[in-house]
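Asker: The residues making up each chain are set out below.
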Amino acid sequence: MAKGLTKAFKKALWVYHCNSGSCNGCDIEIIAALCPRYDVERFGIKLVGSPRHADVLLVTGPVTRQMEDKVKRVFEQMPDPKAVICVGNCGNTGDVFYESYNLVGPINQILPVDVHVVGCPPRPEAIIYAVAKAWTKLETLEG
Amino acid sequence: MSQTTKTTYHIPIGPIHPALKEPVYFEFEIDGERIVDVDVKLGHVHRAVEWASRKRNPIQIMYLAERICGICSYCHPAAFTLAVEKAADIQVPERAEYLRVIQAEVERITSHALWAGVAAHEIGFDTVLFLTWEMREKLMDLTEFLCGNRVTKGILTIGGIRRDITSDMVPKVTGVLDYLKDNFERLRKIFLDDKTIKMRAQGAGILTNDNALKLCAVGPTTRASGVKKDVRVGQSYFAYGDLNIDYVTPDTLTGEVNGDVYDRIIQRLLEIKQSIDLIEQCLDKMPKGDITYEPKIAKVLNQLKKAEGEGVGRHEAPRGEVIHYVKLDGNEAPFTWKVRAPTYNNILPWIPMLKGEQIADIPIVAASTDPCMSCTNRVGIVKDGNKYELTKEELHRLSVEKTRRLMR
Amino acid sequence: MTKENNLTPDVIIKSFKDKFKTKIIDAQIKKKPAGSEKKEAIDIWMKVDKSVFKNVIKHLCDLQYPHLPVASGNDLGKNIELIYHFTLNFDKRLEEINLNISVELPKSKPEIETICDLIPGALITEREKQEFLGVKIKGIPDDRRVFLPDDFPKDVYPWRRDEKGLEKLYKNLHEVKK
Chain W
1 MAKGLTKAFK KALWVYHCNS GSCNGCDIEI IAALCPRYDV ERFGIKLVGS PRHADVLLVT
61 GPVTRQMEDK VKRVFEQMPD PKAVICVGNC GNTGDVFYES YNLVGPINQI LPVDVHVVGC
121 PPRPEAIIYA VAKAWTKLET LEG
Chain R
1 MSQTTKTTYH IPIGPIHPAL KEPVYFEFEI DGERIVDVDV KLGHVHRAVE WASRKRNPIQ
61 IMYLAERICG ICSYCHPAAF TLAVEKAADI QVPERAEYLR VIQAEVERIT SHALWAGVAA
121 HEIGFDTVLF LTWEMREKLM DLTEFLCGNR VTKGILTIGG IRRDITSDMV PKVTGVLDYL
181 KDNFERLRKI FLDDKTIKMR AQGAGILTND NALKLCAVGP TTRASGVKKD VRVGQSYFAY
241 GDLNIDYVTP DTLTGEVNGD VYDRIIQRLL EIKQSIDLIE QCLDKMPKGD ITYEPKIAKV
301 LNQLKKAEGE GVGRHEAPRG EVIHYVKLDG NEAPFTWKVR APTYNNILPW IPMLKGEQIA
361 DIPIVAASTD PCMSCTNRVG IVKDGNKYEL TKEELHRLSV EKTRRLMR
Chain S
1 MTKENNLTPD VIIKSFKDKF KTKIIDAQIK KKPAGSEKKE AIDIWMKVDK SVFKNVIKHL
61 CDLQYPHLPV ASGNDLGKNI ELIYHFTLNF DKRLEEINLN ISVELPKSKP EIETICDLIP
121 GALITEREKQ EFLGVKIKGI PDDRRVFLPD DFPKDVYPWR RDEKGLEKLY KNLHEVKK
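So the sequences go chain by chain: W, R and S. Each residue of the first sequence is one higher than the one before, starting from 1 at the first, in the working numbering. Each residue of the second sequence is one higher than the one before, starting from 1 at the first, in the working numbering. Each residue of the third sequence is one higher than the one before, starting from 1 at the first, in the working numbering.
With the rest of the complex left out, here is chain W (with noise of 0.2 Å):
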């Protein structure tokens, strides 16, 4: 997965952002981290408006069953090399949506998640250290 990462894949990372169902919590602190007083587009972190471009997938939500194909198919839809972070406790475990009956299940049974976030909703400051973490990652995967 990480052969071919050159050296500007370091100074920045392109993110996008899918939301599978979820409440909107997580989805908003994802946006409050891109605003001035968190400013995390200083560190190169960028949110693009289409899978093709993007480095990171960010996943909230837990995942409905109308939503599985599609987050799916987004995920094939990302170049290589590529990490899945998965945002708040729906994704991780359920939450309290656990017994629902449209559910189809935590997230990574859909596809391979890299690095889980906790909280509901998890803080800003947590977000960004998510995708730090993601970043060394894959450096070490590329060594």
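One or more hints might be untrue.
When the alpha-carbon atoms are kept at most 25 Å apart in a straight line, the in silico SDA-like pairs for lysine to any residue are as follows [to be verified]:
1) W/Lys70 <-> S/Lys154
2) R/Lys138 <-> W/Ile128
3) S/Lys39 <-> R/Asp246
4) R/Lys285 <-> S/Leu94
5) S/Lys38 <-> R/Glu94
6) S/Lys32 <-> R/Ile90
7) W/Lys137 <-> W/Gln109
8) R/Lys402 <-> W/Gly49
9) W/Lys70 <-> W/Arg42
10) S/Lys78 <-> R/Asp89
11) S/Lys47 <-> R/Gly309
12) S/Lys30 <-> R/Ile90
13) R/Lys296 <-> S/Pro33
14) R/Lys172 <-> W/Arg123
15) R/Lys86 <-> S/Glu95
16) R/Lys228 <-> S/Lys92
17) S/Lys92 <-> R/Ile272
18) R/Lys306 <-> S/Trp45
19) R/Lys288 <-> R/Asp89
20) R/Lys86 <-> S/Val11
21) S/Lys31 <-> R/Asp89
22) R/Lys305 <-> S/Lys30
23) S/Lys23 <-> S/Asp75
24) S/Lys50 <-> R/Phe335
25) R/Lys273 <-> S/Arg93
26) S/Lys30 <-> R/Gln303
27) S/Lys92 <-> R/Gly255
28) R/Lys228 <-> S/Ile42
29) W/Lys72 <-> S/Pro149
30) R/Lys214 <-> S/Lys39
31) R/Lys172 <-> R/Lys285
32) S/Lys38 <-> R/Lys402
33) R/Lys86 <-> S/Gly35
34) R/Lys285 <-> S/Glu40
35) S/Lys31 <-> R/Gly330
36) S/Lys92 <-> S/Trp45
37) S/Lys154 <-> R/Arg54
38) S/Lys92 <-> R/Phe335
39) R/Lys228 <-> S/Ile137
It should be emphasised that the hints constitute simulated quantities derived from the structure, not laboratory data.
Take the given structure of chain W and dock chains R and S to it, following the hints.
Answerer: Chains R and S alone, transformed into the frame defined by chain W:
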């Protein structure tokens, strides 16, 4: 020579797209650049919340209700406690009622600031997004100071509220209100005096008074069309019966009501001003006393286990009216819990609002009604025929290009 | 759109009982005070026979055009109960009245007429009752599913508590498989 017939195209706008952060699926039937018909399909964020309540007691349902939506995470527990208190006949102390009003109004200002940023981003003004969300960060600090967390607050309980605002906490609250009052004039100038926003927003997405009444629209969407529906003014719950409050419609500022996107911007800015005024009235009039009718939760649960009855709780959330229905029948878990979020009623008005508009206007018209899809469920519009995927990025790009064209 | 300008709860109940006599099975008024000045919020709970349901709604629209937030439903064993929550007097300060009209339908024949021709905003809530409780609404303009996915099994109704309910599809994401 064969005659070519002019057909309309059907465009699906799929659930995953960069604009509105929630999965929303639209399908439009278009003829050139004009929209001819709109179809609405719901159902992607359905997490079976009401069904999950059958194995939980009312205090556990409070935590479930908070996570229905992250943006309006106070209004669902508020309506739920109103319904349970009516069904089980519980009387709440007066100080708690005033504190509940203060928390509700702080949430309202936060939500309107969020909406202002998102709407500006849809038109293409990213700078305004950063400005309003910076204002919102001050309010998040206040929320964290009062409740302990930024987003999911956990401050309500059945029969009262969990944290008090003591007299040494009041200067911080008034400090934030002064900051808002100073910046309000700046916000007003950006949104209402700008030539480009006027060109894009005036005359777009009109909802007439008649349609708003017949389709049962709620919230700022319907008040901007001149219909006076506001649960805080019409009904006495929490402490709203004691306060000085009246219906707010756009003609207090401009003198006439058109029902377009510009009127909805005016409506929300006026509501921010009204909320600041209500918080100040509450801080003046708050009586002393307990903050909950029974501090031990085990006793509350015992009383609710034996209670029987039905109750309907209605609250005015930032997006409209929230209504919950609860039926208690003497068991640990309630017999029925029905949730209805405000965006549910604001979806049908999209159809008359979008017919006849251009494609590039779709983001701004949809964002002006402030939809919260996770409260509702996704909206999907798909038809057969000539299908080609217009991603959200395309839609957003079209909207920004139209602004640049108008600015020249 | 108001024909009479001072609708108090007693006037409303009297106007229904005069027209429909015994078909109004029960009517109760409940009040709850709030705040320091103890102003009251008013609820009317009315039970109606299903044969006159459409005429009751027509009479209500003539009295004053209501606001319909939602309709909820209960599974009572042999019958299904539908409750329509209306609001009247919504443009006057502190005079709103919540009117809840409930109808019981037998499970052997759960059918009722639509009210979309009188109140077009009732479309989504009627579609929701069809897919969650198995009620058949006659004359509805659009009867597709609203919230459930299209590949959900056809005869399973999530809110019911009998054999057509959902006990078999209960799932546990936390389960540790041995």
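Asker: What are the numbers of the hints the structure violates, in ascending order?
Answerer: Hints 9, 10, 30, 32, 38, 39 are the ones this structure does not satisfy, whereas the remaining hints hold.
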